[in-house]
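J.: So the chains spell out like this:
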Amino acid sequence: MPIWKSILTRPDGILAVLLLVIAGVAALLAPALFPDGPWRMAARPFQLPLQDMRHPLGTDALGRDMAAMMMYGARTSLGIGLVSTAVSVLLGLTVGGIAGFLGGRVDSFLMRATEMFQTVPNFALALLLIAVYSPSITSVVVAISVVSWPPVARLARAEFLSLRRREFVQAALLSGQTRFRVAFSQVLPNALSPLIVMAALMVSMSILFESALSFLGLGDPNVVSWGYLIGAARAVISQSWWLTFMPGLAIMLTVVSISIIGDAISDSQDPFFDRRESV
Amino acid sequence: MARTILSETLKRIIVLVLVITATFLLVRSAPGDPAEFIAGESASGDPAFIEALRARMGLDKPLIVQLGIYLGDVAVLDLGMSYREGRPVLDMILERLPNTLILAGTAFVMALVMGTAAGFTAAVFRGTWIDRVISLGSVLFFASPYYWVALLAIILFSAKLGWLPSGGTQTIGAGYEGARAVLDYIHHLIMPATASALFTMAIYARLVRASMTDVANTLFVKAAHAKGMVPGRVWFRHVLRTSLLPITTMAGVQAGQLVAGTILTETVFAWPGIGRLMYDSLVARDYNVVIGVFIVTSLIVILANLVVDLLYRFVDPRTRAA
Amino acid sequence: MSVLDITDLRVTFAGLQDIVKGVSFAVEAGQTTCLVGESGSGKSMIANSVMDLLPSSKIRVSGGDIRFDGRSLVGLPVADMRALRGAAISMIFQDPMSALNPVRGIRTQFDEVFSSHGIEPHQGRRARMLELFELARLPDPPRILDSYPFELSGGQRQRVMISMAMALNPKLLIADEPTTALDVTTQAQILRLIRELQRDFGTAVLFITHDFGVVAQIADDVVVLRHGEVVEQGSAETLLRGATHDYTNELIAAIPDWAPRPGTGAQTPFIDTSGVVKSFETKGGPVKALDDVSISVKPGETLGIVGESGSGKSTFAKCLVGLEEANAGKIAVAGTEITALSPARRRAERRLMQVVFQDPSAALNPRHTIGRTITDVLRANGHGRATARDAALALLDDVRLNRQFFDRFPHELSGGQRQRVCIARALAADPKVLIADEALSALDVSVQRQMLALFDDLKTRRNLTILFITHDLRVAAEICDDLVVMQSGRVVASGAPAEILEGEMHPYVRELMDAIPGQDWFPVGAGAVPHSEVRR
Amino acid sequence: QERGGTLKVALNPEPPSAVAGISGTGAAQILYSKIYEGLFSYDFDLTPRGVLAESWEMSDDGLRFTVKLKDNVRWHDGEAFDSDDVVTSYNVFAKESPNLAALAPKIASVTANGPYEVVFDLNTPVPALVYGLALGWLAIIPDHIYGGDAPYRDNPANDTPVGTGPFKLVEWEKGNFIKLVRNDDYHVEGQPYIDDLYFVIIPDSQGRAVAYEQGSIDVVSASILELYDVERLAALDDSQSTSQGWELFSPHAFVWVNNEKPPFDDRNFRQALNYAMDKEFIRDVVFSGMARPTHGAVGSRTRFFDPETEGYAFDRDKARELVEVSSYDGREITLMPASFLGSSWGRLAEYQVQALKDVGINASLDSMDVGTFLKKLSERDYDLAQMYLYQWGDPGIGVSRSFVSATAKPGSPWNNVAMYQDAETDALLAAADAETDPDKRAGLYSQAQHRIAGDAPVIWIAELDFPTIYKARVHDLITDAAGLSSNFAGVWIEK
Ligand SMILES: Nc1ncnc2c1ncn2[C@@H]1O[C@H](COP(=O)(O)OP(=O)(O)OP(=O)(O)O)[C@@H](O)[C@H]1O
Ligand SMILES: Nc1ncnc2c1ncn2[C@@H]1O[C@H](COP(=O)(O)OP(=O)(O)OP(=O)(O)O)[C@@H](O)[C@H]1O
Ligand SMILES: [Mg+2]
Ligand SMILES: [Mg+2]
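Residue numbers (my numbering), protein chains in the order written: chain A, 85 to 363; chain B, 1084 to 1405; chain C, 273 to 808; chain D, 2 to 496.
For the record, the hints were derived by calculation from the structure and aren't laboratory data. Idealized CB from N, CA, C, for every residue including glycine. Among the hints, erroneous ones may be present.
Claimed, not checked - Lysine to aspartate or glutamate pairs mimicking DMTMM-like chemistry, simulated, CA-CA at most 20 Å apart: (1) 1243/B - 239/D; (2) 1144/B - 1156/B; (3) 410/D - 438/D; (4) 96/D - 1156/B.
Unchecked claim - Residues from chain A that face chain D, not an exhaustive set, calculated with beta carbons under 8 Å: (5) 127; (6) 129; (7) 133; (8) 146; (9) 215.
With the rest of the complex left out, here is chain A (with noise of 0.2 Å):
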């Protein structure tokens, strides 16, 4: 496939496929190296990371194992960058490829409707509806992809528009085939490349937001996640900066590999074929 090609053949994109590899794998093996799940307090605290090597990150305040709480972490923020970009990724297409392919009033009304939801400033719009029903995995993803959503929708409506013009879709339509078929078999498959970089950057707004509502004290309070780990060290970050240091550097890492890899997918698209429409 032409964009592993693209990722492969950097050297930064086969330093992000390892990264993500090692945070997937650490947040898929999770349950199976820590059966207990994260919480169990399992020496003394606040261990220094690399001294005791049955918990080579050390400890926490209470003297759980940062090992097991950065890769349950890494499962609870990974998990909810890809679910809550697929969730608002579905949304915005549907919005955004509804209101392209049929324009019209249809398409003025639902641009309306998200440019309303732009104009609402998202950071305080996540908080606003987490506060309201009481935060957890399903909270904090609605809250995510409600604000993330409008992007896609107006990407995704933009690219169905200019295909809709495009020829190949006008000679599909004159051809007899149903307007359901054509913007699913002709237009959809056509508008996807420039919305998987989208999603690719949408994933990493993910980690970071979720990161930030934990870190606030919004997120789920029965699991790990790094946004977590940095708001429940923060209280440590004078005696113990590494508590802090570690999941903050996770999220970094994690978000960089997902950006190069974006940016990969977007360099391996065909600029020729991409550009042309967009005059």
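For this one, chain A is given, so just place chains B, C and D with the ligands on it according to the hints.
T.: The following block gives chains B, C and D with the ligands in isolation, referenced to the frame of chain A:
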């Protein structure tokens, strides 16, 4: 011209009304009402007491009536009373708004100037190590949760080095006046503003670099070179000038979001602005304040967009014609 | 001594692949040298090498020499090269729409020509600019000076570009297809302008084109390029009289002889439209694209619609097939008035008409194989999964495409092949009418000829009615049974080609006729002889 | 003592008002206690002292309480203070302060007897009355401002608080600081000593620690610090700390258990919950040593504490056994953390959930904002919920309210939220609350403590011990049982 401004303004007012309505309904759909909260905080669970509070706050009326009353009040710039402080919400917001505007404004300008400069440099030196360093820097800033950077900065610059104050807007009790007070304020502003700016700055740098690279490949840039223009001038007068279009759009979106984004910075740096007011009020269920801050921030976003639209007319002559 | 002397020029991509493979020619003062060749042959690369404006750092001059006024330009220090650009050597580009910065005013952009070279014209900059605009026959020069590019038409922009290029009396003007994006009438004016300026200033011109008509119109010398190599060069006279190379001959022969058809005579129309009106809402107010258009198409004929860009040709086609809904007017197909039908019935009726679009690359879904593109249509028109494949292969045969193309993607095909696929797809819906909207203008002339033959062939074999939309009067005259001439949304003339183009001519048709380039060598109009005879 | 100087005290959360009794939070009381005064204050051993009261006396039958007032007191606006002010204050807070409202049914009347004497006539003996009239319950507010019918909370004068206290409010920059200045007319000659008193609002605990370290605040209570910072800050060169000043409140941390809801209606299960908690771990790790183990309902610093009460020392095996024999069916039970009180509570909750899991109870966290939290408590719609309550010196004021069946009904989030109902406990507490003989009272409270401990209606966690950390040049900061909530009239700063 006047007509377009009028209709644009009207459109935005409608959006604002919808935002207010939606927020009002959303907030009111939350479990627990302010009367219960006040009763709780003052340690009284007496149902009669709660009922009396409700009646006094108008919470016993049907929701739609409450909404109507509220919208009417907002129209005359009355955002209601804070349940907790018993003061007009507008006053509470106005006394904190300048701090937020200064913080967000400084962060915005920093982000814009530094981001554009970085993106510009990267685009000009595209493919060289300078480009790589800038790109790496912007990707790192983009990826670092800025509250995290802020925490680390406090530890380093306040706790360890003692260079910068850890929070607040002024040295309390120092009684500075005049220029000294301004300097003191700026001294307090440095860290929060920089921390809030990082993320946006990274976004600009990336955007500017990408859009300048795009523009640099256009025919009119080639034509400018063919005129014999000095390359530096081509970069400034043609490439940068034309790249201002996407930058302006992005700036409009970001300016408003920065205001909301200060919630985190204001909390970490004890900066008394409306972001923190919103968070505190949210936790305390002080509905009127929450909605009030929401309206004000939305208004700021709307105004920012309006400004951007006007700027657009300046930056892109094509829009001026229509 | 020649103004420009290119010897054995080599341009290499990424150090591997030669784009220009040892080209030598010269341009003399006061003379025009035309560089001809099909798309991708390396014409622009040569021009860019002279200006040292190669599109990417991967592409570089790897051998040979470019001498300007006796001085070698290869390896010239950047500052020296910059001093030459715009002053001693200037250049105009193919696309006037994008060669001016859209967000900056004409005056500031023009000003840069002077300021970049620190030259102060003796009469002052403003006066000099206005003078140049006058020379370029721009209407109302002061207004143009204070305009933004978007406020000017394409022809006006191109003239502004030419004025800028001439501002410092360059010794060499490089014009890279300066008229390809323009209307024939505008093209004629621009060509005349370049000719005049050249005469006044004694400028040497390197003119790039792929149109032999243009060559015949303006060239003193001709260089024919193919795949980065010169296949033939010499004076225009010699070359047009007797080109030695097959390729040159092919290019020349591709220009049709003037032979308007006599028309088909009265017959019941298959498509009958009357009073069609279509206007678009734009920011600047409504644009009337079609204004009371009545056109009828007889069964089995080829009806040509000609006219300048923006005259409403495509809009008419779109209204016909339903890609746009007309605001008013009647459209009847095979006697049924489809404008009166329910939307579903209307769509069914309209399936009888299929369109082949101008740009074959844009008209194919890049993510679908050729096979899928065609079978999708077949299946939407009642074929089962099993029969669709066979039918699609048969269609590939029909358009003379190898069956192997079934599993290929559009980007693996050449332009002409793609256009064949588009035709096959159109045929898959089993239409009675084929609408070819500028279906050939994106193709190289030699390919155009083959496609015309294909159309002709299909028409007879499948008894198709063809609506042929073009701006090329020569082609229209050659292949159309009936002709409609449009101007700004109105039909100004219609009837048999021979009548319209050779009888009592409408002033606008006259204008179009006059604008056809190269008439000295390739005659048009009543009594025109085949060009092969003229060139003898 | 030295006159002059500026004192900067960290305050969190920012109180909504500086007027007494508008907000019940500890922070509000720290603020308004400098502006308003009560009748009494209390020594570290809880012996009452007069503030506005000159002297006081309980009749032998325990039914009449007479308070003589100081005659040299002036309000901040210059008006003279007299007995009408006390009567008005009582009338206002008997309605406005739910705490006093709970006591009000036992008080027949409060009347002025001359300008400097007030008489409390009681329906039943209330030996604890002198604790029930503490500043936090009954602040003295001016009759000439609040004497009318206008609702207390909406009084327009609330913007400019007028008290008798040693400090006056002059400036409040919201979200930033509150500035108080010396009251030159204060009724104690020579006091107060400091000129300017600032309350600095820093919402982030880490920020407070750094601010103290940097010297931008002089006083900070461990209750609003990260406990991990306490030791470090206290050990700074120019720092000192004291854990005195909490005797009146004696904050008692526990977990409400919804006794009406299965399986919590099973005493075995409730005992299991108590055995499951490792109090030493909680003290050492969660509260960094700043806590002491509890023995039942009464705090060790509160009067009539019986150290013999069952303390449910950590015993995981016993807890498991009890869970086994209880009616617990393995369903998920949720704990509502009081994380709004500080991050230690969040950590405590995480520990508690884990501790419950360790004894086979399927527990999880359900966090929410304060409003919802209190609402759920009011409605008794919860399984387990963290809480801590002040004890107010005497069990008759601060303890009984949590365990009598009279308050075991939905309505208030502060009373018997556990819905604990036991006739014998009711009888014991009623008798003890009204017993005038101190020894008999002690005996009755002792019995009640054993009875309640056996029923384990809540999970007792710890008694919190929050040191106050302050700069060494600050003197006489903590001088009574209310600590930072006393009036600071005697605080002075060494130059
Ligand atoms: N930026 C580029 N990178 C790599 N190859 C290029 C680039 N630009 C052009 N080429 C290749 O160089 C060859 C010559 O291109 P050139 O633009 O000179 O053609 P041309 O004769 O001007 O064609 P046209 O008539 O389409 O303008 C083509 O094969 C083209 O694919
Ligand atoms: N979707 C549209 N919105 C607004 N104006 C349009 C639209 N489509 C066409 N027009 C305008 O309608 C007029 C006729 O356009 P049309 O495309 O039919 O011309 P044409 O004869 O096909 O030209 P060309 O030779 O350039 O293809 C033009 O002025 C054009 O600008
Ligand atoms: Mg070219
Ligand atoms: Mg057209």
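J.: For each hint given before, does the structure comply? Return the numbers of the non-compliant ones in rising order.
T.: 3, 4, 5 and 7
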